[in-house]
Structures are given as C-alpha cells and as structure tokens.
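**Q** As a plain string of letters, each chain reads:
Number of protein chains: 2
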Amino acid sequence: MYDLVIIGAGVTGYSAAMYSARLELEVAVIGDLEGGTITLTDDVSNYPGFSQLTGKELAENLKAHALDYPAYFETGTVQDLFKCKENCFYVVTDKKTYLARSVLVATGMKERELEVPGHEKLKNKGVSYCALCDGPLFKNKVSAVVGGSDSAAKEALLLAKYSDKVYLIYRKEKIRPEPVNAKRIANEPKIEVITKTNITEIMGDDRVTGVKLDRPHNGSDTLELDGVFVAIGGIPMSGLAKKVGVEVNKKGEIIIDRSSRTNVAGVFAAGDVVDTEFKQAITGVAEGVHAAYQAYRYVNENEFVFTCQQDE
Amino acid sequence: MYDLVIIGAGVTGYSAAMYSARLELEVAVIGDLEGGTITLTDDVSNYPGFSQLTGKELAENLKAHALDYPAYFETGTVQDLFKCKENCFYVVTDKKTYLARSVLVATGMKERELEVPGHEKLKNKGVSYCALCDGPLFKNKVSAVVGGSDSAAKEALLLAKYSDKVYLIYRKEKIRPEPVNAKRIANEPKIEVITKTNITEIMGDDRVTGVKLDRPHNGSDTLELDGVFVAIGGIPMSGLAKKVGVEVNKKGEIIIDRSSRTNVAGVFAAGDVVDTEFKQAITGVAEGVHAAYQAYRYVNENEFVFTCQQDE
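Just so you know, the sequences run in chain order A and B. Residue numbers are given in my numbering: position 311 of the first sequence equals residue 311, and the series is strictly consecutive. Residue numbers are given in my numbering: position 223 of the second sequence equals residue 535, and the series is strictly consecutive.
Hint data in this document are derived by calculation from the structure and do not stem from the laboratory. All figures in this text were calculated on a predicted structure; none of them were measured in a lab. Just so you know, even glycine gets a beta-carbon here, dropped at the ideal spot from N, CA and C. One or more of the hints may lead you astray.
Claimed, not checked - Here are the in silico distance ranges between beta carbons for each label pair:
1) B:571 x A:51: 49 to 59 Å
2) A:242 x B:571: 20 to 30 Å
3) A:51 x B:613: 23 to 33 Å
4) B:563 x A:124: 54 to 64 Å
5) B:404 x A:189: 45 to 55 Å
6) B:609 x A:263: 19 to 29 Å
7) A:45 x B:431: 32 to 42 Å
8) A:136 x B:551: 52 to 62 Å
9) B:404 x A:136: 53 to 63 Å
10) B:451 x A:182: 53 to 63 Å
Claimed, not checked - Once the Cα atoms are required to be at most 30 Å apart in a straight line, the calculated DSSO-like pairs of lysine-lysine come out as:
11) A:56 x B:368
12) A:172 x A:125
13) B:591 x A:56
14) A:279 x B:591
15) A:139 x A:183
16) A:56 x A:279
17) A:279 x B:368
18) B:591 x B:486
19) B:433 x B:502
Let the sequences and hints guide you as you build the complete structure.
**A** The following block contains the structure:
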C-alpha cells in the first residue's frame with residue numbers, strides 16, 4: 001500500500017516524488033520515458049536557476065534530487081488504473097499492481113502526428129519527431145520542420161546545425177516562437193520560413209524524398225528534401241485519469257485547481273497533461289510540488305480501508 | 313516607459329525578470345533586500361534541481377540567470393504606486409519614478425513581531441528574527457525560538473549549532489515542522505520543546521536575560537536565557553497593491569488566479585504576498601513565470617496612452 005503513486009517520470013513526477021518523500025509519504029514513481037519529453041530538447045535556458053543546460057541534464061538533476069529521499073522507481077508503463085469501492089486505487093503495470101491511497105497523474109503529452117498520406121510508411125525513414133535524436137542523420141541534407149510554435153522554431157534551429165537547408169513550414173500567417181528564438185531564426189540563413197502552407201503528402205518509397213504542398217512555393221507544389229520533423233503540438237495523456245472519473249476540458253487536458261487537485265478525491269494532476277495556460281518545465285514542477293503537499297494532507301486527514309475491491 | 317515593473321527582488325521577482333526579458337519586455341526590478349527573505353535561510357534542500365544549497369546561493373543563481381537577459385535593477389524601496397487615468401502605473405522610489413504598462417507585485421512578507429513587553433526595547437539586544445544572521449552571537453549561550461512552524465524548527469536546528477541549549481516555545485499542543493525536520497529536532501539533545509506556552513514578557517535592561525511564561529516550566533514561570541528568536545510567521549506586504557484597488561483576503565494576501573492575475577488589469581502578483589496555500593520558493597518562482605507571460609500578453613494585446621495623469 002503506497003500513500004502516493006506518481007504516474008509519469010518526467011520533471012513533474014520527479015519534483016513531486018522529492019517533495020512527497022520529504023513529507024514522508026510512501027511513494028512510487030512509474031514512467032516509461034525516464035525524464036519525460038524534456039529529454040528530447042537540447043536547449044533549456046528558462047528553468048529558473050540554471051542559465052543553460054540540456055533537457056536531459058535538467059531531468060537528471062531533478063531525478064538525483066528525488067533520489068536523496070526514499071522513493072520506489074519503476075521504469076514501465078501503467079496499463080490500468082481503477083478506483084476501489086473504498087477510497088483507494090489500483091495502479092497496474094506489466095510488472096506489478098500498486099495499491100495506492102492517492103495518485104498523481106503526471107503523464108504529459110504525446111506528440112500529435114501529421115495525418116497525411118506517406119506519414120505512416122515513412123516514420124523513422126525520414127519522418128521524425130525529435131531533432132535532438134535524429135538531427136545528425138540529416139547532416140548536409142535538406143530537412144523541414146512542420147509547425148509554428150516555439151518548439152518548432154527550436155527544432156529548426158537545432159537542425160540548422162546539421163542540415164544545409166531547413167524549411168520551417170507552417171499553416172498560419174506567422175510563426176510564433178519566443179522573441180529570442182524569432183531573432184535566431186531571422187539570423188540563420190539556412191532556415192527558410194514558408195507560411196500559409198500545409199504539407200498534403202510525404203513522398204518516398206524507402207526514404208523520404210520530398211513533400212507535396214497545398215500552395216506552390218517558388219512555382220512548385222513539391223519540395224525535394226530528406227527529412228520531415230513534425231512539431232505540431234501534443235495530445236494530453238489523460239485517458240487513465242478519465243477512466244476514474246476525472247474531468248477534462250475540450251482539449252482533453254485534466255482540469256485542476258491551484259492546488260493540483262482534480263474533481264476526484266485522492267487524484268491529483270500536474271504538468272503537461274493539465275489545463276494550465278502557460279506550460280513550462282518550471283510550472284509543471286511547481287504543480288508537482290502542490291500535488292505532493294495536497295496528497296500529504298489528503299493521506300493524513302482520511303481513513304483508508306485496506307481491503308480493496310474494484311468498483312465498476 | 314517600462315512594459316513591466318517588478319516590485320520585489322526576491323526569487324519570485326528574479327524569475328519573473330528572466331522570463332519577461334526573454335519575452336522582450338522592457339523590465340525593471342526594484343527591491344530593497346536583494347534576493348529576498350530566502351537569503352536569511354541557511355538550508356534550502358527543496359528547490360527542485362538543487363539537492364542542497366543556502367538561500368543566498370539559490371537567490372544568486374536566480375539573479376545570475378535573470379542577468380543573462382536585459383533588465384534594469386534598482387536596489388531601493390518603492391514608496392508609492394498609483395494608477396493613471398489611462399491604463400498605466402507610476403512606481404515611485406526614492407531615486408526615480410517609473411512609468412509602467414504593467415506591474416508585478418512580488419513584495420513578499422515581513423516577519424510578524426512578538427508583541428510583548430520588552431520586545432521593542434531589546435530588539436537586536438538579544439531579540440532577533442534571523443538565526444542565520446545572529447546565531448553565532450549566541451555561541452555557548454542559551455537561546456529560545458518562539459513558534460511552531462517548519463521555519464521555527466529550522467531556526468532552532470541552526471541555533472543548536474551554536475548555543476548550548478535551545479528552547480523551542482510554542483503556544484499550541486504540537487509543533488508542525490516537515491517530518492524530516494521533526495526527526496532532526498527529536499534527535500538533537502540541545503533542543504527542548506515547550507508547548508502550550510506563551511512568552512508574556514522579555515526581561516532584561518541592556519540585554520535579554522530571560523523570558524516570562526504563561527505556564528510554569530519545571531516549576532518556574534521564568535526561563536533564564538540570552539537570546540529570543542521570533543519565528544511566528546509573516547505579514548503579506550500588500551499595502552501598495554491595495555492602494556491601486558487590488559483585492560486581498562482576510563489574511564491580507566493578494567488574491568490571484570492560476571495565471572497570477574489580480575482583479576486589476578495590468579497588475580499581477582506572485583510569491584509570498586499572494587493567497588497560495590502552500591508557499592515555497594519553487595511555487596513563488598513558477599507564479600513569477602506565469603505573471604511574466606500574462607504581462608507579455610497584456611502588454612501586446614492592449615493600447616497604451618503615454619501621457620499619464622494620476623487618478624485619485
């Protein structure tokens with residue numbers, strides 16, 4: 001029986017683990033991607049206190065901090081979550097089943113996929129979701145990033161270190177990176193921004209050879225290139241939470257209050273999976289801290305029944 | 313004319329400065345205590361990412377990070393804040409007057425004073441509010457901490473490094489430090505916890521010589537000692553904010569929403585001065601980040617009139 005099971009081993013889960021273990025909760029952290037999606041980012045320069053480091057380094061710092069205190073870590077996937085008739089939860093992984101007094105959902109987002117012909121066939125054959133992971137494969141080649149967010153801009157900037165030419169293709173009028181990255185894009189001659197344009201097909205048999213566009217660029221509705229990096233946002237991983245009655249908004253994000261509580265007693269949520277307007281590493285980390293404290297209060301203020309049966 | 317003037321140079325103000333300067337706001341930070349009240353704490357081991365450092369070191373890291381970006385810093389006291397007829401603000405220090413499109417109130421708390429006879433006369437003559445600052449003066453002496461919070465416990469633990477004996481005097485049934493500090497207190501033979509007891513007078517002429525108690529301890533209603541450290545919580549510094557119509561709760565804390573907005577357009581608030589339930593360095597820092605982003609949106613989405621007259 002754990003006091004708190006944290007689903008998700010990203011920076012949010014780590015900070016919640018550190019705080020809840022300090023508060024002497026019996027805590028377990030389960031995640032399939034150690035460090036979470038920030039480990040796919042090469043440049044983090046906005047986590048207050050660290051001028052500049054990689055996402056992997058930031059996650060490692062936070063994990064090391066959590067390991068100062070006793071917490072159980074499992075690298076694995078949560079396959080099921082259900083509520084008991086009494087006020088406890090079962091968290092099921094492929095390795096074991098956890099009985100928990102409270103649960104923190106810190107499952108983050110998964111990348112939204114580009115749903116065009118050719119995408120499925122050419123995934124990992126030129127289609128990628130991570131410039132940090134796959135950028136070096138496109139050295140001296142031509143690549144494109146799809147998207148207009150700050151993340152998309154950062155992917156393009158990173159790719160420009162390898163590729164000879166990088167297209168940044170965005171469906172709307174104007175890309176919207178942070179000003180600091182907008183300047184970097186403007187000063188990088190390898191990057192060409194193409195706006196008001198959608199990719200309609202990814203071409204190639206064994207490898208990506210080009211893309212089709214819905215608006216001609218330099219007189220042609222195809223672009224020859226070797227790699228397509230997709231950065232069109234994420235889908236909140238709120239499925240498990242919904243299963244136990246947690247409310248989500250229209251985007252599928254878990255609705256929380258300022259203390260990271262959901263509408264279900266004993267279920268907390270934090271990080272990229274919640275309905276926070278401005279989602280950053282630092283804001284997710286702080287939400288994890290609020291969740292740890294509220295779990296501590298919840299566990300100490302309630303009576304728990306140990307013989308637990310599934311409530312269906 | 314600044315886009316954002318941040319009142320308060322603690323960790324909250326620094327993180328807001330870093331983020332807002334990254335977002336290319338013209339930002340000024342004004343504070344009288346560089347680094348804020350956390351600089352009075354010797355042991356910070358719960359800011360996610362840093363296993364253990366002093367409050368001063370944490371503040372210096374955050375300030376150094378802010379200085380990576382252009383921001384104007386003034387060490388000074390804000391003496392007045394007022395709203396213009398148009399949608400802008402004047403922030404007045406003893407050195408200059410700032411015209412601001414938006415304002416972040418990150419003024420924190422000041423220590424609550426122990427209102428008993430002898431307190432005023434003996435302040436800095438044995439009565440202190442900072443064990444880190446004054447602890448070494450009580451080497452091989454007897455001292456007391458008044459209060460029952462985690463902060464009070466940490467003051468007592470720090471004093472035990474210097475004093476031969478430390479009383480921790482608390483009016484309620486049970487002190488309520490974090491579990492990790494409760495253990496340390498229990499394992500420190502120099503510390504004696506006295507509960508259900510109030511100090512009614514601080515005795516001494518030139519220096520503290522003892523305190524009177526409202527309940528006898530070991531048969532006596534006085535305790536002989538050399539130093540009294542007061543740690544009975546803080547008073548939110550919300551006076552300036554109230555002056556421009558910002559709503560506060562019964563405790564005097566500024567009421568904010570999840571994006572650090574107050575009820576007054578263009579006025580944001582974050583950190584120890586707001587109505588967050590669980591106030592930590594990390595939660596204040598994240599609130600500062602939310603405030604920076606909302607100020608960025610506010611400044612970019614509104615028209616501002618430059619000729620500004622006081623609205624009284």
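**Q** Hint by hint, say whether it matches the structure.
**A** We went through each hint and held it up to the structure:
1. B:571 x A:51: 49 to 59 Å: 26 Å, violated
2. A:242 x B:571: 20 to 30 Å: Because 25 Å falls inside the window, the suggested range holds.
3. A:51 x B:613: 23 to 33 Å: At roughly 30 Å between Cβ atoms, residue 613 of chain B and residue 51 of chain A fall inside 23 to 33 Å, so the hint holds.
4. B:563 x A:124: 54 to 64 Å: For residue 563 of chain B and residue 124 of chain A the Cβ distance comes to about 56 Å; the hint holds.
5. B:404 x A:189: 45 to 55 Å: Roughly 47 Å apart at Cβ, these two residues keep to the hinted range, so it holds.
6. B:609 x A:263: 19 to 29 Å: Holds - the Cβ-Cβ distance for residue 609 of chain B and residue 263 of chain A, about 28 Å, lies within 19 to 29 Å.
7. A:45 x B:431: 32 to 42 Å: Given a distance of about 47 Å, which is not inside 32 to 42 Å, the answer is violated.
8. A:136 x B:551: 52 to 62 Å: Since the Cβ atoms of residue 136 of chain A and residue 551 of chain B sit about 57 Å apart, the hinted range of 52 to 62 Å holds.
9. B:404 x A:136: 53 to 63 Å: For residue 136 of chain A against residue 404 of chain B, whose Cβ atoms are near 55 Å apart, the range 53 to 63 Å holds.
10. B:451 x A:182: 53 to 63 Å: With Cβ atoms ~57 Å apart, the hint holds.
11. A:56 x B:368: 27 Å, holds
12. A:172 x A:125: 27 Å, holds
13. B:591 x A:56: It holds: about 28 Å lies between the C-alpha atoms, which stays within 30 Å.
14. A:279 x B:591: 20 Å, holds
15. A:139 x A:183: 23 Å, holds
16. A:56 x A:279: 18 Å, holds
17. A:279 x B:368: 28 Å, holds
18. B:591 x B:486: 21 Å, holds
19. B:433 x B:502: At roughly 28 Å apart (the allowed maximum being 30 Å), residue 502 of chain B and residue 433 of chain B satisfy the hint.
Violation of the numbered hints given earlier is confined to hints 1 and 7; the remaining hints are satisfied by the structure.
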